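On the provided structure of chain A, position chain B with the ligands as indicated by the hints.
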Amino acid sequence: MRKCEVTGKMKMSKKLRSNLITYGIVIAAFLLCQLALSGSIEGFKMSRSLKGQLVPICVYIVMAVSLNLTVGISGELSLGHAGFMSVGAFSGIVMSSWLVSAFQMENETLRLILAMLTGGAFAGLAGVLIGIPVLRLRGDYLAIVTLAFGEIIRNVLNCLYFSLDGANLYIGFNNPNLPGKVIVNGPMGATGVSKIATFGMGFALILFTLFVVLNLINSRSGRAIMAIRDNRIAAESMGINVTKYKMMAFVTSAVLAGMAGALYGLNFSTVTASKFRFDTSILVLVFVVLGGIGNIRGSVIAATVLTILPEVLRAFSDYRMLVYAIVLIVVMLATNSPLLFNLMEKCRTAAARFTRGHAKAQGKEGDAA
Amino acid sequence: MTQYKHKSDTKMVPVPSMAIVPERDIDKAPVLEARHLGIEFGGLKAVDDFNLTIGKTEIAGLIGPNGAGKTTVFNLLTKVYQPTTGTVLLNGKDTAGMNTVQANKLGIARTFQNIRLFSNMTVEENVRIGLHNQVKYGMFSGILRLPAYWSQEKKQHEQALDLLSIFDMQHMADVKAGSLPYGAQRRLEIVRALATHPSLLLLDEPAAGMNPHETEELMENIIKIRDKFQIAVMLIEHDMNLVMGICEGICVLNYGRVIAKGTADEIQQNPVVIEAYLGKQKEG
Ligand SMILES: Nc1ncnc2c1ncn2[C@@H]1O[C@H](COP(=O)(O)OP(=O)(O)OP(=O)(O)O)[C@@H](O)[C@H]1O
Ligand SMILES: [Mg+2]
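Protein chains in written order, with this note's numbering: chain A, 3 to 371; chain B, 158 to 441.
Quick caveat, the hints were computed from the structure, so don't treat them as lab data. Note that this is a predicted model, so its numbers are computed, not measured.
DEER-style ranges, computed between Cβ atoms:
| id | chain 1 | residue 1 | chain 2 | residue 2 | range |
| --- | --- | --- | --- | --- | --- |
| 1 | A | T272 | B | Q239 | 51 to 59 angstroms |
| 2 | A | L37 | B | Q291 | 49 to 57 angstroms |
| 3 | A | Q106 | B | K333 | 55 to 63 angstroms |
| 4 | A | I134 | B | P428 | 54 to 62 angstroms |
| 5 | B | V332 | A | S271 | 55 to 63 angstroms |
| 6 | B | S336 | A | I23 | 23 to 31 angstroms |
| 7 | A | K16 | B | L303 | 20 to 28 angstroms |
| 8 | A | V102 | B | S336 | 57 to 65 angstroms |
| 9 | A | I23 | B | P369 | 45 to 53 angstroms |
| 10 | B | P369 | A | V307 | 52 to 60 angstroms |
The beta carbon of each residue, even a glycine, is placed where N, CA and C say it ideally should be.
Next comes chain A alone, as it looks inside the complex (with noise of 0.2 angstroms):
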């Protein structure tokens, strides 16, 4: 008995342990860019097209994460992310000027803060209308379902307009005559947008993120969207209610995806309903993929990777998304490859060895005793 309770603890501890790694990784990079950025180390400086970048990466990690919830956890195929971050961009900017012209709000970081509640409030509304039809589906319906409902999302935004008026909030569908300023100008999307999304708040939502998925995936409700994805007969077979878990990953995907979009929205001083196509949707579920499928650190790292490629292949000028492409499926080949993957297995356990063998081999004789 005595003996379980040491190897339950150790469990937890390795499960906590991969958690704290991938906190430490994102809290690490967080630091170094804000050394760059205030280049207090000669020569370690941070080039002005990667300085735009920067909430832009956040944006995405939030998006790769808050899919892999859907895509990894939940086994569910989502074709239309893109949909979700769009709510929340729209509903984030009319919320942020509408802060600003009825209590004339000049806190920049509450009124963020408050467009990101917004956003993701919204879309994850629209992830529950959505889910209600859509999670009955299974496979292949379910993602091409989930990819029309994303274009629809987006058409519909192409015909919204909104208008403030002090504070009177006017909302027409399809006409644009509408009182005051106008925010939200229909296929034009939002113009005259106020830039107030900071990297330091991405880094924060990135953390949140992180907090809440992982904290999830290790909890009753986290096992539970596991067990659907893995053996639904048997999940249902032990009273696991399966509608209401798939909501749950679902919607709490999309609240995840519109909290990024409000701050996506709130990076540009000009916001349009296509920047959230169908390919956005895609390029957040290549990061998930290459990322590896359930897999939350890899998603944090690819989504970064993946941003920055195509800044760093500037030199590579017209080709630069040929060679994009190529190292996309390098990468996938290689992280398939069982090859690649006994080697990377072999280096782990010689390291470990190499580290931490004598600690090891002690453990191994309490074990056994």
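Just chain B with the ligands now, kept in the frame of chain A:
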């Protein structure tokens, strides 16, 4: 077979519904009553007019040649399929219109003929899934790591190890379920089903792929489980030693129809049963 005294200990008596239940269950409501249960698959009557009553602490056997419809009966009882005719009463409650989840909450749990473990999860996690409805804390307590999370997780961990100890499997708690040997996977499925606190445990060929020694142990453990948890067990099995050794009531199915019901001795002497099995053997 002297070690399985239970069989001879228990006197089987008929109840008004014409079923034969153990005498000790006689004034209790039966745990399961299947009435005129039937299902068709595109014209094929896989199960037809299936009637069965199982007492509260009975070990019942369901036997029959391959393709007789035994697994289909389990799927009907657990509501994986909705019957085309008839219904199932669980602890006196009609399950008409219920789904698998509701049937489980009402007290029916099962294992699968072709093992359906969550093979990428650890042994303990599999049992924890079984304990899902026994442990109460919501999504927000889980994400925010509120006190409910810590206390319930601890409770769940202890309960899981406790259940695993039935089959002496505590030391495997952290092993991936998919990497267990075949026999251990079958035992884990039983533990996982037990974790849902059923009043009726359905075992679909629990001894398949086990060696004679493992089967012996399994027989003892099934009786142990029944005695410890005071639940009914219904099992499908091709191993006649096991069925005749521990089942107090046996139901024989052939081509979807019940051809005989009774105790082990009655079944062994029943000419219809012998014909069904011998006929089958000739074909093979
Ligand atoms: N979902 C289904 N659709 C169509 N036919 C089915 C379905 N499920 C079962 N059957 C048919 O019903 C009959 C009974 O099958 P079942 O699996 O219940 O047999 P069984 O008694 O469990 O056999 P075994 O001993 O081989 O496990 C078979 O003829 C099978 O082909
Ligand atoms: Mg079968």
